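Novice: Construct the complete structure from the given sequences, taking the supplied hints into account.
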Amino acid sequence: MKYYTQFENKQLADTLIQKALEYKENPLLDKTLGQGKRIGLLFLNPSLRTRISTQIAASNLGMEAIVLNMDKESWALEMEDGAIMNQGKVEHIKDAAGVLGSYFDILALRAFPSLTNKSEDSEDFILHQFIKHSGLPLISLESAIRHPLQSLADMVTIEELKSKPKPKVVLTWAPHIKAIPHAVANSFSEWAIGCGHEVTITHPEGYELDERFTKGATIEYDQEKALADADFVYVKNWSAFNEYGKILRTDESWMLTEQKLLKAPNAKVMHCLPVRRNVELSDEILDSPRSLVQHQANNRIYAAQAAISEILR
Amino acid sequence: MKYYTQFENKQLADTLIQKALEYKENPLLDKTLGQGKRIGLLFLNPSLRTRISTQIAASNLGMEAIVLNMDKESWALEMEDGAIMNQGKVEHIKDAAGVLGSYFDILALRAFPSLTNKSEDSEDFILHQFIKHSGLPLISLESAIRHPLQSLADMVTIEELKSKPKPKVVLTWAPHIKAIPHAVANSFSEWAIGCGHEVTITHPEGYELDERFTKGATIEYDQEKALADADFVYVKNWSAFNEYGKILRTDESWMLTEQKLLKAPNAKVMHCLPVRRNVELSDEILDSPRSLVQHQANNRIYAAQAAISEILR
Amino acid sequence: MKYYTQFENKQLADTLIQKALEYKENPLLDKTLGQGKRIGLLFLNPSLRTRISTQIAASNLGMEAIVLNMDKESWALEMEDGAIMNQGKVEHIKDAAGVLGSYFDILALRAFPSLTNKSEDSEDFILHQFIKHSGLPLISLESAIRHPLQSLADMVTIEELKSKPKPKVVLTWAPHIKAIPHAVANSFSEWAIGCGHEVTITHPEGYELDERFTKGATIEYDQEKALADADFVYVKNWSAFNEYGKILRTDESWMLTEQKLLKAPNAKVMHCLPVRRNVELSDEILDSPRSLVQHQANNRIYAAQAAISEILR
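Listed in order, the protein sequences are those of chains A, B and C.
Okay, so the first sequence: first residue is -15 according to my numbering, each after it adds one.
Okay, so the second sequence: first residue is -15 according to my numbering, each after it adds one.
Okay, so the third sequence: first residue is -15 according to my numbering, each after it adds one.
Simulated from the structure, these hints should not be mistaken for laboratory data.
Remember, it's a predicted structure, so these values are computed and weren't measured experimentally.
A hint or two may mislead.
[Said to hold, decoys possible] Sample of chain B residues at the chain C side, in silico, Cβ under 7 Å:
#: 1; residue: L32
#: 2; residue: Q39
#: 3; residue: L257
#: 4; residue: Q278
[What the hints assert, rightly or not] Covered stretches of chain B, as calculated for chain C (at least 3 residues, CB under 8 Å):
#: 5; segment: 262 to 275
#: 6; segment: 279 to 290
Think of the CB as a built atom: it goes at the ideal place given N, C-alpha and C, for glycine as much as any other residue.
Specialist: Here you go:
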């Protein structure tokens, strides 16, 4: 495995989920696997869980992790090939990625989309610039369109807690005050479908996700209907994909509350965090036993560890 | 010991002081005590001494330290329970602290007060939110009202250099151009009194500290009188406590100079740094053999090491 | 060796170049040399290559590196002796450097010039304040007037790739949109001359470098003439030295292109990065086999490792 940027296939996903569960049981199982290797954790955007869980994962594998907040500590990056660099951008991604490629054994990159250039975001332009110019194995720490380590952690969480082989998993859109990327929603959908769960996606009309990620899911615009009998409810905001990057309306009524789960009494509720309390999800749910958000966040360590270990092998 | 956030009692203080002195003699005395453990150093405000001395202390104990500048690298935190998070704050302290609690073995936190909400600051609201929601042992790296690792380092310094069992220790207010928190002054007073020193506090009227921290000290408004025969003079600015967070007047005449120490010829002068030279304290004192500021800063390593080792035991 | 801030003499340069080449062959050759030692990497300005290559170099020597972005994570520094600190600066360099001196075994410092105070910059004021007040061995990670680790890496690169004992090395000024410091140009000139290469410097009139660094080089205002038969062409912008810190004119025609290298068919092209593509240097050169920029950047690790190991010995 050279890149860890997306869902590949069910077999690999199963392997990674099992590996993550083994690491959760015994974090130091492969404590020398990464010895003498270095991973560069590159951030073009803020992070809490992703950075620290990946640092810990690397450390558990005996690997040195070096964090670089490229947006703050380093030089503003030019992304366009052929640009005449006479503006604010100080260094071209070609050159920066090339250098980082010669300093590390593996790179891991967080690069949010601009939400202003649909085609560039859709082809995961920045991520692919890093892959192309670094020449290294690369792990996505959330790109323009995917957040695979989050989704792997989510699949691990479902695997641990499901009470039937093919649980009903509902991805429900939630209100937010800002235009939010599609990465978590895309990835969750891609992985949940790929792992064989019964997936329903519900959102107000106009918030359809890119179909590349939702093939195999049921799209249901009636939230109440979608939530009925759910085993797992994944709450997430995203901005419009068709009217790219827009907030179409506030839709406060889409916030998930206990009231809405009356017909899904056993539903576990998931969110990748950070969560806007009482906007996306009510306190009553987040602070109840239904909530898996802390469980998911903890599994981020072992998901990252599984992904890194697969690349190291 | 689960929390290291305040002065507990003389016996524990003496233990910590002795431990710090042992580590100063032999920094690697307990070099495997923290093996396999992780400490998260969380900063909501800038730091130089505190961050680096704590990193070194952890490393001396064989422990992995991970620094997170939460104000810069991560998400803006909502602190209020029940908040409807439709403004600038991205993540609730409940969720962030919970996640960090599952990633580390010990947390250490710097959280300055706003100086705009007296009751919230007085009850050390942010610190206690982290304690409550992380579920981990926590070390204060300066909270709204205390700076215990600084005070322990100060007590170690006095212990090393005192020439009588019960030295006269004077805490003297100094001018400053900004509204400064009370944490260092509170803690120093609390520790110096608790350790059995003879403590005098001197400041212009109106700058009385919170009485919780000064019980047992002599309050003397006449600076000259207060300084007479001092063995140790601790210089520090703080804003008003009663008229909360206010600068009442500039009082430039309160700057400590050699002239003011004529009746305290052997006084050693202390300050926690950073110090405003020639505003709080004159160059002539800071650059003279009276000054213990570098000595104190160096002891920060061993104070932190003593505190961490007590928690690890 | 106590300081690594400039070119000392050819013998030491040769030793360091050979050492760097040995480390390139075998990075872990001296993997325990720095055991139990700590290096503080202090940045007053952004960095990518310098920070990470130095971190890796320290790690290869078994040494703990702690990075402090003093401009962002710590307190604004007052540099002037005797200042009355009643403005924005929070801590005096004396005090900060003193503390850092007691926390580390070696310091490494990046401090760009203001380009507004010629005499202060010319005497490398900030660097020398750190040296004076820290009392520690210090490595320059680019000061006001020199960038020695870059130049050592450049000399290693030339040593590896030269095809005659005394290659023709041309330093050619390049256009830029900002006023850029002289450090890289000064150091490269100082080292290339000191290492015995045949050095030509070419730039528009008015951009003469400080003569301290160019003694022994040929100054040639005709770029085409200067470039003829070059073996190595080092491209770099700098602002005027005489009219200190000024951009005299844009001189777009000075950008290096293939066309300009017609009479230097075998010339290898060097740049320290970050480079403004199609402003300083054309894409066609940077993306061609002529370009050594990635090679140079990779050699930064081994140059840093050689310098640190010399100080440790």
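Novice: Against each hint, give a clear statement of whether it holds in the structure.
Specialist: Results of checking the hints against the structure:
1. L32: Nearest chain C Cβ about 4 Å off; hint holds.
2. Q39: holds, 6 Å
3. L257: holds, 6 Å
4. Q278: This interface hint holds because 5 Å falls under the 7 Å limit.
5. 262 to 275: Check passed, 5 qualifying residues.
6. 279 to 290: Since three or more residues must qualify, the claim that chain C covers the segment 279 to 290 of chain B holds, with 3 doing so at under 8 Å.
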